[in-house]
Amino acid sequence: MTAATPEARGMGFPPAADFKGTARVTLPRVLRSEWTKLTSLRSTVWTLLAAIVVTIGFGLIVCAATVADFHHNGNASDLNDPVGTSLVGGYFSQIAIGVLGVLLITGEYSTGMIRTSLGAVPRRLPVLFGKAIVFGVTSYALSLGAILVAFFSGQAILHQVHGGVAIGDPSVVRALLGGAFFVMTIGLLGLALGTLIRSTGGSIAALLGLIFVVPIVTSFLPGRWGDIQKFIPNNAGGALVTIDDRGNDLLSPLGGLVVLLVWLAVGLGAAAFTLTRRDA
Amino acid sequence: MIEARGLTKRYGSKTAVDDLTFTVRPGVVTGFLGPNGAGKSTTMRMAIGLDRPTKGAINIGGKAYRDFPAPLTEVGVLLEAKAVHTGRSAYKHLLAVAQTQGIPRRRVDEVLALVGLTDVAGKRVGGFSLGMGQRLGIASAMLGDPGVLILDEPVNGLDPEGIRWIRTLLQALAAEGRTVFVSSHLMSEMALTATHLIVVGRGRLIANTTVEEFIRQASGDLVHVRSPQAARLSETLARDGVTVTTTGLDTLDVNGLTAQQVGEAAFAAGIPVFELTPRQVSLEDAFMDITKDAVEYTHGQTPAPRVPSATSTGANA
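Same order as they appear, the protein sequences are chains A and B.
Counting from 1, one number per residue, gives the positions in the first sequence under the numbering used here.
Counting from 281, one number per residue, gives the positions in the second sequence under the numbering used here.
Hints are computed from structural coordinates only; laboratory data are not their basis.
Treat the hints with care, as some may be off.
Estimated spans, in silico, between C-beta atoms of each pair [unchecked claim]:
no., chain 1, residue 1, chain 2, residue 2, range
1, B, T490, A, V137, 51 to 59 Å
2, A, V137, B, E492, 56 to 64 Å
3, B, K403, A, I61, 36 to 44 Å
4, B, K343, A, L125, 49 to 57 Å
5, A, W225, B, N316, 48 to 56 Å
6, A, I61, B, K343, 37 to 45 Å
7, A, D279, B, Q497, 34 to 42 Å
8, A, L125, B, T334, 19 to 27 Å
9, A, A270, B, E493, 26 to 34 Å
10, A, I61, B, A344, 51 to 59 Å
11, A, I228, B, P349, 20 to 28 Å
12, B, T557, A, S199, 52 to 60 Å
13, B, T489, A, A265, 53 to 61 Å
14, B, K403, A, A265, 35 to 43 Å
Just a sample of chain B residues kept apart from chain A, beta carbon distances all over 12 Å, derived [said to hold, decoys possible]:
no., residue
15, G329
16, F348
17, T353
18, A378
19, T380
20, S409
21, L410
22, L472
23, S507
24, D533
25, T557
In this text, a Cβ means the ideal position worked out from N, Cα and C, and glycines have one as well.
Can you build the whole structure from these sequences, using the hints too?
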């Protein structure tokens with residue numbers, strides 16, 4: 001080690017003019033910084049791994065249980081939705097990814113890191129969008145990978161009773177891509193809620209409310225008001241992944257995608273609005 | 281160069297910073313002094329765009345902080361509380377900060393070595409002591425080799441060695457021609473570190489002067505005299521600009537004359553003197569005196585009347 005103590009250098013810092021000419025904040029550089037932040041926290045890495053494990057694990061368990069049940073009861077209705085059966089783990093990973101989205105920003109507020117982040121990027125929006133892009137791409141890629149593994153291994157299990165489907169079957173690719181998109185959307189809505197609310201507890205409560213409570217409340221709405229149900233994130237996501245379209249009350253897959261995009265635009269837009277206006 | 285013009289910040293009906301106007305010049309350490317709650321941290325947060333002024337502005341080198349394309353290369357900042365994610369290592373923290381504006385990894389290693397944290401660079405910041413946290417903050421501030429430094433209470437909670445380290449560092453940085461703006465609520469610390477002083481209380485500017493001048497104005501000359509003919513001596517000394525206070529049967533406090541002047545006057549008048557003690561009001565007392573109307577939170581009890589001869593005991597700086 002070079003013992004370059006400040007004393008040895010007369011307490012001053014050596015000039016570092018060589019990078020000064022090229023230094024400036026750009027979005028690609030903020031993306032690199034956010035990638036470093038995402039991958040340098042143990043909690044983040046573990047949560048991402050957990051999301052992958054539950055996506056694959058629960059899919060395998062439910063597929064195996066379905067096959068066992070079929071051998072036992074010969075109940076063919078269990079095999080109606082083989083894609084959905086193999087992707088059931090997505091319901092659990094959306095929670096992990098959603099909470100991680102919250103923590104990505106509330107972790108900075110609770111530790112004070114946000115002041116360093118916004119001090120380095122005083123325009124602020126690149127910080128939010130940098131997080132959204134890095135986390136969105138990462139969670140989409142990991143979710144899609146996990147979903148593909150869950151799909152192929154799940155269908156292999158279901159094939160034992162001739163109940164599986166192939167990836168080339170109608171709408172299957174759409175459902176797989178859509179499932180990953182839905183998980184990513186929940187993650188980014190978590191990021192948006194975290195930015196709006198800033199406290200970890202409050203933001204997670206709001207996120208879980210959106211995932212679990214809002215569907216219950218909207219299901220009680222009478223008559224035509226009940227149509228609102230179609231537009232909540234869960235059901236818009238459901239429209240994206242459901243292959244069995246008999247008698248369900250969902251939007252079309254394209255409609256579901258558009259609704260999720262609107263949720264993202266509104267959520268991140270509100271987050272951007274407050275982030276640039278509030279004191280940090 | 282940091283310039284505040286009519287800087288004001290209100291939170292609801294509470295005014296944290298009230299119409300501050302001052303300039304911080306390069307080349308010397310400028311102390312930003314005031315009791316807790318005087319608005320120092322708020323002012324510094326406004327300087328780097330974290331808080332938005334209600335009125336007025338604070339600019340650095342003629343620009344608003346947010347308009348710098350690479351702010352870290354212009355202004356280095358150390359905020360009072362640790363502004364670091366505790367789960368991240370020191371190295372990754374600095375790397376993430378450096379990456380936002382294309383500061384190379386080599387510079388991260390360099391600042392870590394310079395603050396003496398190389399050996400613990402891979403350890404999580406959550407396990408750092410207060411002193412290590414402050415060193416990391418200094419490393420972060422120096423990442424971009426900035427010409428302006430804004431440091432909020434950098435010696436807070438440090439051990440004597442750490443305090444000396446920061447004091448010497450700040451003076452060296454100022455000597456290199458940088459603008460160094462340091463806040464503290466400790467007058468004695470500022471007296472040792474700073475050359476220029478901006479003193480605030482309750483968000484208002486109280487003084488904008490050199491440390492030397494501030495101390496001279498605040499303390500004045502006070503001489504404690506004991507004489508069997510105290511009353512006569514009192515009459516002898518009385519003249520314009522001199523205040524004589526009788527503090528006991530045979531004791532006087534003389535304000536406005538040096539000990540030598542008092543002794544000569546007593547000799548000329550043939551008055552015996554048993555004791556002649558020059559006393560300087562301590563810096564902390566001077567500071568308290570000047571900011572006493574501007575302290576936001578006082579203790580429940582009415583403060584005891586200040587007796588200079590009592591407060592100066594053993595507290596001479």
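| task | Just tell me: holds or violated, for the beta carbon distance of K343(B) and L125(A) against 49 to 57 Å? | result | violated (19 Å)
| task | State, for the Cβ atoms of L125(A) and T334(B), whether the hinted interval 19 to 27 Å holds or is violated. | result | Cβ of L125(A) to Cβ of T334(B): about 23 Å, so the range 19 to 27 Å holds.
| D279(A) and Q497(B), beta-carbon distance inside 34 to 42 Å? | Taking Cβ atoms as reference, D279(A) and Q497(B) lie about 36 Å apart, which means the hint holds.
| task | Would you check whether the claim that A378(B) is not at the interface survives, using Cβ distances to chain A and the 12 Å cut-off? | result | Contrary to the label, A378(B) does not stay out of reach of chain A, its closest Cβ about 8 Å off (not over 12 Å).
| query | With d taken as the least Cβ-Cβ distance between T557(B) and chain A, does d exceed 12 Å? | reply | holds (39 Å)
| query | With d taken as the least Cβ-Cβ distance between G329(B) and chain A, does d exceed 12 Å? | reply | violated (5 Å)
| said: Taking the Cβ atom of K403(B) and the Cβ atom of A265(A), is their distance within the range 35 to 43 Å? | reply: holds (41 Å)
| field | T490(B) paired with V137(A), Cβ distance criterion 51 to 59 Å | value | holds (56 Å)
| Status of L472(B), Cβ more than 12 Å from any chain A Cβ | Correct as stated: the minimum Cβ-Cβ distance to chain A is 15 Å, above 12 Å.
| Is it the case that S507(B) keeps its Cβ farther than 12 Å from each residue Cβ in chain A? | Given a closest Cβ separation of 51 Å, the condition holds.
| Cβ distance range 53 to 61 Å for T489(B) and A265(A), holds or violated | holds (55 Å)
| task | Over 12 Å to the closest beta carbon of chain A is the bar; see if D533(B) clears it. | result | Its Cβ never comes within 12 Å of chain A, the nearest being 43 Å, so this holds.
Comparing the model with each earlier hint shows violations of hints 4, 6, 9, 11, 15, 16, 17, 18 and 19; every other hint is respected.
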